[in-house]
Structure formats: structure tokens, C-alpha cells
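**Student:** Kindly produce the complete structure, drawing on both the sequences and the hints.
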Amino acid sequence: MLDTQKIRSDFPILKRKINGKLLIYLDSTASSLKPQLVLSAMDEYYTKFGVNIFRGLYKLSQEATEAYEEARQKVASFIGSQTPKEVIFVRNTTEAVNLVATAWGMANIDKQSEIICTVMEHHSNFLPWQQLAKNKGARIKYLDIDQDGKLKTQNSKLNGIVTRKTKLIALTHVSNVLGTINPIREISQAVKKINPDCLVFVDAAQSVPHLPIDVCDLGCDFLAFSGHKMLGPVGIGVLWGKKKPLDEMPPYQYGGEMIKDVFLEQTTFAESPAKFEAGTPNIAGAIGLGAAVSYLQKVGMENVRKHELLLTDYALKQLGKIANLTVYGPKKAEERGGVIAFNVSGIHPHDLAQILDEDNLCLRSGQHCAMPLHQRLGISASCRVSFYVYNTGEEIDKLIKGIKKAQKIFKV
Amino acid sequence: MNLYKDRILDHYRKPRNFGRIVKPDASYEQENSFCGDRIGMEIKLLTHNPKLITLGEIKFWGEGCAISQASASMLTEKVKGKSLGEIKKLGKEDILSMLGIELSPARLKCALLPLEVLQKLITLL
Chain V
1 MLDTQKIRSD
11 FPILKRKING
21 KLLIYLDSTA
31 SSLKPQLVLS
41 AMDEYYTKFG
51 VNIFRGLYKL
61 SQEATEAYEE
71 ARQKVASFIG
81 SQTPKEVIFV
91 RNTTEAVNLV
101 ATAWGMANID
111 KQSEIICTVM
121 EHHSNFLPWQ
131 QLAKNKGARI
141 KYLDIDQDGK
151 LKTQNSKLNG
161 IVTRKTKLIA
171 LTHVSNVLGT
181 INPIREISQA
191 VKKINPDCLV
201 FVDAAQSVPH
211 LPIDVCDLGC
221 DFLAFSGHKM
231 LGPVGIGVLW
241 GKKKPLDEMP
251 PYQYGGEMIK
261 DVFLEQTTFA
271 ESPAKFEAGT
281 PNIAGAIGLG
291 AAVSYLQKVG
301 MENVRKHELL
311 LTDYALKQLG
321 KIANLTVYGP
331 KKAEERGGVI
341 AFNVSGIHPH
351 DLAQILDEDN
361 LCLRSGQHCA
371 MPLHQRLGIS
381 ASCRVSFYVY
391 NTGEEIDKLI
401 KGIKKAQKIF
411 KV
Chain D
1 MNLYKDRILD
11 HYRKPRNFGR
21 IVKPDASYEQ
31 ENSFCGDRIG
41 MEIKLLTHNP
51 KLITLGEIKF
61 WGEGCAISQA
71 SASMLTEKVK
81 GKSLGEIKKL
91 GKEDILSMLG
101 IELSPARLKC
111 ALLPLEVLQK
121 LITLL
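These protein sequence lines are chains V and D, in that order.
For what it's worth, the working numbering labels the leading residue of the first sequence as 1, then goes sequentially.
For what it's worth, the working numbering labels the leading residue of the second sequence as 1, then goes sequentially.
It should be emphasised that the hints constitute simulated quantities derived from the structure, not laboratory data.
We put the beta carbon where it would ideally sit given N, CA and C, even for glycine.
Hints should not be assumed to be uniformly reliable.
Claimed, not checked - Mimicking EDC-like on lysine to aspartate or glutamate, the simulated pairs with C-alpha atoms at most 16 Å apart in a straight line are:
#  : chain 1 : residue 1 : chain 2 : residue 2
1  : V       : K408      : D       : D10
2  : V       : K411      : D       : D10
3  : D       : K23       : D       : E57
4  : V       : K411      : D       : D6
5  : V       : K408      : D       : D6
6  : D       : K92       : D       : E116
7  : V       : K398      : V       : D359
8  : V       : K6        : V       : D27
9  : V       : K85       : V       : E271
10 : D       : K5        : V       : E358
11 : V       : K136      : V       : D110
As the list claims (entries may be wrong) - Covered stretches of chain D (chain V as the covering partner; in silico rule of three or more C-beta atoms under 8 Å from a C-beta of chain V):
#  : stretch
12 : 33 to 41
13 : 58 to 67
14 : 110 to 120
**Tutor:** Rendered as C-alpha cells:
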């Protein structure tokens with residue numbers, strides 16, 4: 001297990017007390033806490049060289065440009081990208097999905113096209129494709145889940161659903177509700193075998209922060225994630241794309257440094273990543289994300305995964321002992337990320353979350369931006385806990401105690 | 001802050017006026033997409049005095065948290081026999097004092113859902 005005591009001391013917010021009690025933060029799937037290192041990196045940008053990038057020939061602007069591009073390089077090596085040119089800074093995962101759905105989708109999708117999505121998607125990796133299909137008159141198909149909350153991706157299933165008409169499959173790496181880790185490499189291979197032209201888009205918002213990732217190994221064409229879920233600041237995210245589709249895609253937004261030459265009659269555009277980064281970007285955010293990457297690399301992503309695996313295994317066992325509690329998703333910890341959604345019969349998730357809040361237990365209740373999945377599971381809402389490097393076994397014990405307290409209040 | 005006072009839990013577990021009306025004058029159902037709470041309501045009017053149309057019967061159904069369900073249960077008790085004009089005037093403060101608890105903005109939506117449903121319902125008449 002990680003030295004959580006040492007790690008926790010890096011997070012200023014964990015020193016904060018509410019009603020005299022410390023926070024128990026179990027909602028890192030929604031947004032993670034931020035270490036001092038990240039806060040200091042952004043503070044340093046604003047304090048020492050808080051100016052625009054690319055445009056200035058003076059020292060300050062050069063320093064800012066270097067720091068911004070250094071962050072891009074850090075992100076590239078963190079996810080195994082062969083070149084930083086394939087790393088595009090965006091606001092968040094949602095914007096990354098919208099970028100591809102708009103820029104690539106508008107140029108490549110027509111009435112004959114098919115797009116594949118899954119029932120376990122977060123709305124962000126579902127709505128842009130649904131709307132694209134709607135606007136273009138294309139067909140969108142969905143991969144279903146089995147009893148265990150795992151995607152039905154056996155070859156026979158994929159063979160039936162992926163066709164020569166399929167232009168893209170968009171799926172999450174780790175479900176933000178079920179925790180299911182989807183076998184992206186196997187799916188990519190299987191999909192490309194049936195249709196080599198079908199692109200694979202991976203929503204990695206819940207995997208890049210928690211698992212060692214190598215985009216080349218995954219065999220996908222696009223991968224998207226957010227900074228704020230991986231110890232970084234809000235307002236910065238990444239779209240990684242293979243060079244070929246990026247080269248072929250038109251820009252997403254126009255203006256700023258995304259040009260090569262502009263004439264009154266016509267314009268030629270810069271290459272990726274500049275082509276997709278119109279306007280002044282979130283410079284401090286990128287620098288903060290670079291610092292978050294450094295922090296995670298120091299901890300080691302293998303260690304992050306091991307730590308979460310231990311916590312998830314322990315939590316599944318403890319939750320399993322509570323009467324009338326249902327956990328959704330795969331039963332084995334090794335098949336899931338550090339996120340567990342559950343329901344306690346007789347207590348609405350909002351009521352449970354509210355009672356747990358009395359003891360500063362921060363967790364999510366509702367549909368977690370995955371309404372189709374909740375409908376598929378036949379539930380109106382659920383409670384969700386999620387873990388990260390700063391969480392401990394004692395916090396899980398407090399969660400269990402809190403759930404029992406709620407059962408007592410509700411007499412269930 | 002303890003939201004789960006006995007009175008709230010009592011209404012949650014034993015909701016008053018829960019069910020459906022045979023041949024209602026109006027019926028409406030709404031969902032709070034934030035949490036999946038769902039409330040439906042039906043009313044039957046007392047129409048013998050055309051100048052003062054009042055609520056005769058009111059029933060609700062649905063599913064959701066203790067706050068939304070208790071709020072619906074208490075509201076249906078509160079408005080029975082009231083005129084439509086009086087119901088239109090009901091607002092956030094009336095619901096809060098009826099429940100007797102303080103609520104965060106997110107939970108306020110749960111508490112106000114039944115009132116929203118009722119007020120929408122009477123516009124359908």
C-alpha cells in the first residue's frame with residue numbers, strides 16, 4: 001500500500017475541517033483533490049511569467065511558451081504518445097469528444113454511416129455521437145452489458161454489430177458507475193479485424209488518472225481525458241489522436257494561433273496540435289496538469305493501481321457484509337477501477353448521501369451523468385464511492401459505519 | 001442539521017394521499033432528472049361554487065428520496081379544500097415551513113418538486 005500519510009500531507013484541502021471533523025473524500029471520479037505541487041506550479045506561472053504564449057519575442061513570453069510545451073511533452077510521455085504533436089489541449093474530456101464528433105464527424109459521417117457506442121457511457125461520450133448521428137441521418141448502435149456489468153464484446157457480438165459501414169466506435173475505458181475496465185486493446189484488435197477503417201475513440205477520463213496507460217498498446221485512434229480528475233486543475237483536458245486522422249480533420253474552432261497563412265480570400269491552417277487550439281489556451285491549466293503528471297509519475301502508476309485495487313477489494317468485501325445492499329458492476333476488484341456504485345434498499349441514494357455528509361463523508365448520489373445505464377440497470381439512481389491515492393482503509397470503515405447509521409435512522 | 005426528523009420519515013414511510021383517482025380532472029407527472037425523483041399528481045375539483053373552485057380530492061404517486069416523498073405527502077394534506085388561487089400563491093417558503101427543515105440548494109429541488117407538479121397541474125385545468 002502507498003504511504004498515504006505522506007501523500008495526504010501533500011493535499012492542503014485534507015487539513016480542512018468542517019464542523020471540527022476532517023473530510024473523507026470519496027468522490028474522485030467526479031473530481032480529484034489537488035496537491036500543493038499543482039497549485040504552486042500554477043501560482044508560479046501567474047507570479048513569474050503570466051503572459052501569453054507563442055506571440056511574444058520577449059523573455060517572459062518565451063518562458064511561458066516553454067512551460068506550456070513542456071507540459072505537453074510530459075503528458076505525451078505519460079500516455080505513451082510517440083510525439084507531442086498528437087497531444088491537443090482542450091478544456092476537458094467533454095470538449096475532446098465534441099471536437100472529434102464535430103470536426104471529424106462532420107467530414108466523415110453520412111447517411112450510410114454507422115457509429116457504435118455502449119450503454120455504459122457517461123453522457124459526455126454519448127450525446128455528441130447521438131447528435132452527430134441525428135444531424136447526419138447516420139445509424140447509432142449500442143453494445144450492451146451482461147449481468148456482471150461487463151461489455152458484451154465477445155467476437156460473436158462484435159461480428160454482429162461492427163460492419164463495413166461502421167466509421168467509429170466510442171467507448172469508455174473504465175465505467176464511471178460500474179467500474180468495469182473494458183479490454184480496449186482486445187476490442188480495438190477485434191474491431192479493426194472486421195473493419196480496418198473503423199476508428200476507435202476511448203473516453204479515458206476514468207482510466208488515465210488511475211491506470212498505467214500506453215496509447216500505442218491500446219491500439220485506439222483517439223483518447224480523451226480531463227486534468228481535474230487526475231490531481232490537475234479544472235479547465236484543462238487532453239485529446240490524443242493518431243497523426244493520420246488529425247491531419248485529415250478540419251479545425252474545430254477558428255482564430256488565434258491555429259493558422260499558417262491568412263488572406264482575405266482564404267486561409268491555410270497550422271498542423272496539429274496548433275490547428276486544434278484556437279485562441280489563447282489555458283496556459284496555467286496546462287502547466288498545472290504537467291505538474292500533476294510529475295506527481296503521479298513520482299508515485300508510480302503501477303502503485304496507484306495497486307493501492308486502489310486493495311481499497312476496492314476491501315470496500316467490496318465490507319459492503320458485501322451489509323444487509324440489503326446491492327453493488328453494481330463486476331464482482332472482482334481486479335476487473336474494475338476504484339469506483340463502486342451501490343444502493344441500500346429502503347433508502348434513496350440522496351438520503352443516504354445526505355446522512356453520510358453529516359460525518360463529512362463526500363460521495364456522489366444520483367445518476368452520475370449516466371442515465372441510459374441506470375435505465376439499463378432498472379434503477380432511478382445510485383450512490384457512488386470512488387478512491388484515489390489519498391484514501392485509506394479507515395475511511396472505508398467510516399463509510400460502512402455511516403451506512404449502518406443511515407439504516408438505523410430509516411429503520412431498514 | 002438533521003433533516004430526517006420523525007415527522008419527515010413518518011410521511012416517507014406512510015405517505016398520505018398516495019394513489020390514483022378514478023376520473024381525475026387533471027393529471028400530471030414530472031421527473032427531476034438530477035436525481036431521478038418522480039412525482040405524479042391527480043386532482044378532482046369541487047365545482048359547486050363556480051366563483052371559488054376548490055380542491056376536492058388529491059392523490060400523488062412516484063418514487064424518490066424521503067424529502068421529495070414527504071413533501072408530496074404533506075403538501076397534498078395541506079392543499080385539500082384550498083382554492084386554486086391559494087395554491088398558485090404557494091412558494092418556496094411555504095414548503096420549507098411545512099417541512100420544518102433547512103435545505104441545501106440541491107435538496108431544495110427535491111422538496112419543491114411536488115409543488116411544481118401541483119402548480120403545473122392546475123394550469124392544465
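**Student:** Now look at each hint and say whether the structure bears it out.
**Tutor:** Hint check results:
A threshold of 16 Å between alpha carbons decides the hint, and for K408/V with D10/D the separation of about 14 Å falls inside it, so the pair holds. Distance hint between K411/V and D10/D is fulfilled; the C-alpha atoms sit about 11 Å from each other, no more than 16 Å. Restraint check: the Cα-Cα separation between K23/D and E57/D comes to about 11 Å, which is no more than 16 Å; the hinted pair holds. Taking the CA atoms of K411/V and D6/D, the gap is near 11 Å; set against the 16 Å cutoff, the hint holds.
In summary, the hint linking K408/V to D6/D is supported, as the alpha carbons are separated by about 12 Å, within the 16 Å threshold. Taken as a hint, the K92/D and E116/D pair is honoured in the structure, with Cα atoms around 10 Å apart against an allowance of 16 Å. Note on K398/V and D359/V: the hinted pairing holds, with a Cα-Cα distance of about 9 Å set against a maximum of 16 Å. Distance hint between K6/V and D27/V is unfulfilled; the C-alpha atoms sit about 20 Å from each other, more than 16 Å.
Between the alpha carbons of K85/V and E271/V the distance comes to roughly 8 Å, so the proposed pair stays at or under 16 Å and holds. About 14 Å separates the Cα atoms of K5/D and E358/V, which keeps this hinted pair within 16 Å; it holds. Straight-line distance between C-alpha atoms of K136/V and D110/V comes to about 5 Å, which keeps the hinted pair within the 16 Å bound. Residues of the stretch 33 to 41 of chain D lying with their CB closer than 8 Å to a CB of chain V number 6, which satisfies the three-residue condition for coverage.
Counting residues of the stretch 58 to 67 of chain D whose beta carbon lies closer than 8 Å to any beta carbon of chain V gives 5, which meets the minimum of three for the stated coverage. As drawn, the stretch 110 to 120 of chain D meets chain V at 1 residues by the rule of a beta-carbon pair under 8 Å; below three, the given contact is violated.
In this structure, the earlier hints numbered 8, 14 are contradicted, and the remaining ones agree with it.
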